[in-house]
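Following the hints, complete the assembly by docking chain B onto the known chain A.
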Amino acid sequence: MSATLIYSEVEEDLRASVRDLLADHASPAAVLARCESDQPYDLELWRLLGEMGATTLHVPEELGGQGASMRETAVVLEELGRSVAPVPFLGSAVLASAVFTVLGEPVPSETATLVVPFSSWQPVFSSGPVRSVADATVASLFIVPVSTPDGPELHLASSATVTPVTSLDLTRPVADVTVSESTVLARGADASNALRVALLTGAGLLASEQVGIAERCLFDTVAYLRERHQFGRAVGSFQALKHRLADLYQELVTARAAARYAADALATGEDVEIAVAVAAAHCSDVAVHAAEEAVQLHGGIGMTWEHPAHLFLKRAKADQLALGTPDRHRAALAELVDLRL
Amino acid sequence: MDADALRAKAREFVANQPTTDRLEFLRARFDAGLAWVHFPEGLGGLGAPRALQSVVDTELAGTPDNDPRRIGIGLGMAAPTILRFGSDEVKKRFLRPLWTGEEIWCQLFSEPGAGSDLAAVGTRARRENGRDGDDWLLTGQKVWTSSAHTARFAILLARTDPDLPKHQGLSYFILDMDQPGVEVRPLRQITGEAEFNEVFLTDARIPDAHRLGAVGEGWKVAQTTLMNERVAIGGNAAPRESGMLGAVAKTWRENPDRHTSALHDRLLRHWVDAEAMRLAGQRLRQQLAAGAPGPEGSAMKLGFAKLSQALSGLEVELMAEDGLRYDDWTLRRPDLVDFTGRGPGYRYLRAKGNSIEGGTSEILRNIIAERVLGLPSEPRVDKDVAWKDLPK
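Residue numbers (full-length UniProt numbering), protein chains in the order written: chain A, 1 to 341; chain B, 1 to 392.
Extracted from the complex, chain A is given alone in its bound form (with noise of 0.2 angstroms):
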């Protein structure tokens, strides 16, 4: 196995760009004070990573990307994670993005989502109106799954009925989303596989997200701890709470390497489906832990709404059920190494 899990100069160069930007466009405060403002996505930041090419980094020169790799997008979603910024990369830069490139057509510039329920993990071809769907609220172009008679088929609508509804994760909202009128993009076997690989794409991609999530959560409570003083002590030099912080990092260093070798392997086409198993099922438990340490272990203000701690919390428990739970990766990933019950 010759995976590169290591980050090349480029990659690093590309996550340094991207912090600079971050930084600027989505800082704690600002994150916090837009999620509960008319529009808790922040397009200018958007337009920015557009611009940036950020938002097409793996897809092919002639689909209208930058011909690089899923391991680029890979950094740009950990440097996403890090800052919970609210933008609809996920449904469009990466899920919708990969419906089209498997086709091979043409990425649209337009913000594009898949028009699944954010919690799927496999294809699952209906009709009629779909619950929990993410980055809707700001897509203009809709790829839909749909039954018919003559079998499953991809859709494509430049309109929707899209009603928002109260989410769990403040940064990527989910909406319900009803099409009516669609023109078909893909037939039979083209459209089961084209939503198969999105969705492990998705889920492959999403783990770098978590990675971000977690060494995020943990840094930021190293921080506190270092700062917060009881008893005369800074609080992090009492073990009780080092050595959680300590597995925490060990837990960290793992979910990095799971991370980049999915990364890797959707690069390549290697061992894709192990890689997505192991990295979906290890990374989303380790950003919920995380999350949840970092709000335990910033004591009281980490309770409270004006400490970012909550949004991080909210990002890593809804990216858990994201594109399947670590028990669905793990059922996968029983039959693709032969450990049956």
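Hints listed in this document are in silico derivations from the structure and should not be mistaken for laboratory results.
Quick caveat: nothing in here was measured; it's all calculated off a predicted structure.
Hints may be right or wrong, so weigh each one.
[Said to hold, decoys possible] Subject to a maximum C-alpha distance of 25 angstroms in a straight line, what follows is the list of computed SDA-like cross-link-like pairs (lysine to any residue):
1. 220(B) with 122(B)
2. 301(B) with 241(A)
3. 301(B) with 289(A)
4. 301(B) with 219(A)
5. 301(B) with 7(A)
6. 388(B) with 141(B)
7. 352(B) with 241(A)
[Said to hold, decoys possible] Now the stretches of chain B that chain A is said to cover, found in silico as 3 or more residues with beta-carbon under 8 angstroms:
8. 262-270
9. 375-381
[Claimed, not checked] With beta-carbon atoms standing in for the labels, derived distance ranges:
10. 104(A) with 320(B): 50 to 56 angstroms
11. 326(B) with 27(A): 58 to 64 angstroms
12. 377(B) with 109(A): 50 to 56 angstroms
C-beta: ideal position from N, C-alpha, C; glycine also.
Here is chain B on its own, set in the frame of chain A:
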């Protein structure tokens, strides 16, 4: 010396070595500077970069070797310390038979009263005038010593001045194990085996010429030894589902009628954790190869211990009525340790040592928290107190 020159030298050595005797071959290899190329000329090396050792190892593959697993403590701990702190005479005397495996080494650091707190060692070294100059007489007890029963020499940490704070009163010695004042007893573990020993020292004699570093500088010298302790990062990546996971997955597949959904869920969780650990090890090796070693290594042992204990515990449960049996409690003295050897019961019990040996998981968590994450240390009450006045 560059890679091409070294390769040529190694080829020439192989071509011109008529001997078939294993020991003679190893001695000749040492004398040709092809033992450890980063050591100086005359001491088994050529003063070449350490990274070029692989060139030699590749060229000499298939020739008699010194069984590095059997002499690991000598190679990994004693040799670098002797090289750095030994006199010319000491280096000449000890390095060659150490490398060829003619003389096995062990490490006498830990004591019943000095485990995680190694600087608390209480084995006393007292100066005495001997026939050939100063000697040291050592009295005390060491513990958890692998290879003590086969070792000819030991590296040893002892207290030369109990009136100083604990880190300052230590000195570092080479001990001849083959003398009346040294008694080695097997230390039986919870597995029934005795991989390790207790070593009792009663006026064991060490010539002053076999002291490494100045009197009172033992802690500093020991740091060199411990920093060189071989990090468990092999040259090659472990294959997927190997080690403890491999053993347990095999048991799972061979016992389909013992499956339960709860055990299945746990097994899959561990499978994921093991694969993520394996990938993290691979990532770490890539960082090292790229010349940018990260701090991630400190987390690996912690994860390994947790995982091997969880997996081996699961396996015993899976075995149901057979999990109530054990293969053999007889006190054995294994030559080499295999964590996954023998049966599930042994694997379960031996894995308990993984979070103790080579630094407990609690100490590792302190190290990660303080050195990697930068959290403040616990207040220390023992740093400026004479060793003799510390509560024991």
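Results of checking the hints against the structure:
Under the criterion of a C-alpha separation no larger than 25 angstroms, the hint pairing residue 220(B) with residue 122(B) is consistent with the structure, at around 17 angstroms. Annotation: proposed proximity of residue 301(B) to residue 241(A) holds, straight-line Cα distance about 20 angstroms (limit 25 angstroms). Of the supplied pair hints, the one linking residue 301(B) and residue 289(A) holds, its CA atoms being roughly 20 angstroms apart against a limit of 25 angstroms. As the CA atoms of residue 301(B) and residue 219(A) are separated by approximately 21 angstroms, the hinted pair is consistent with the 25 angstroms bound.
A C-alpha spacing of about 23 angstroms is found between residue 301(B) and residue 7(A), which places the hinted pair at or below 25 angstroms, so the restraint holds. For a cut-off of 25 angstroms, the pair hint linking residue 388(B) to residue 141(B) stands: about 17 angstroms separates their Cα positions. About 24 angstroms separates the Cα atoms of residue 352(B) and residue 241(A), which keeps this hinted pair within 25 angstroms; it holds. For the region 262-270 of chain B, the proposed coverage by chain A is satisfied: 5 residues have a C-beta within less than 8 angstroms of a C-beta in that chain, meeting the threshold of three.
Only when three residues or more bring their CB closer than 8 angstroms to a CB of chain A does the claim for the region 375-381 of chain B stand; here the count is 5, and the claim holds. At about 54 angstroms, the beta-carbon gap between residue 104(A) and residue 320(B) stays in the expected band of 50 to 56 angstroms. Judged by the Cβ atoms, the range 58 to 64 angstroms given for residue 326(B) and residue 27(A) holds: they are separated by roughly 60 angstroms. Between residue 377(B) and residue 109(A) the CB atoms are about 54 angstroms apart, so this pair conforms to the stated range of 50 to 56 angstroms.
Checked against the numbered hints above, the structure breaks none of them.
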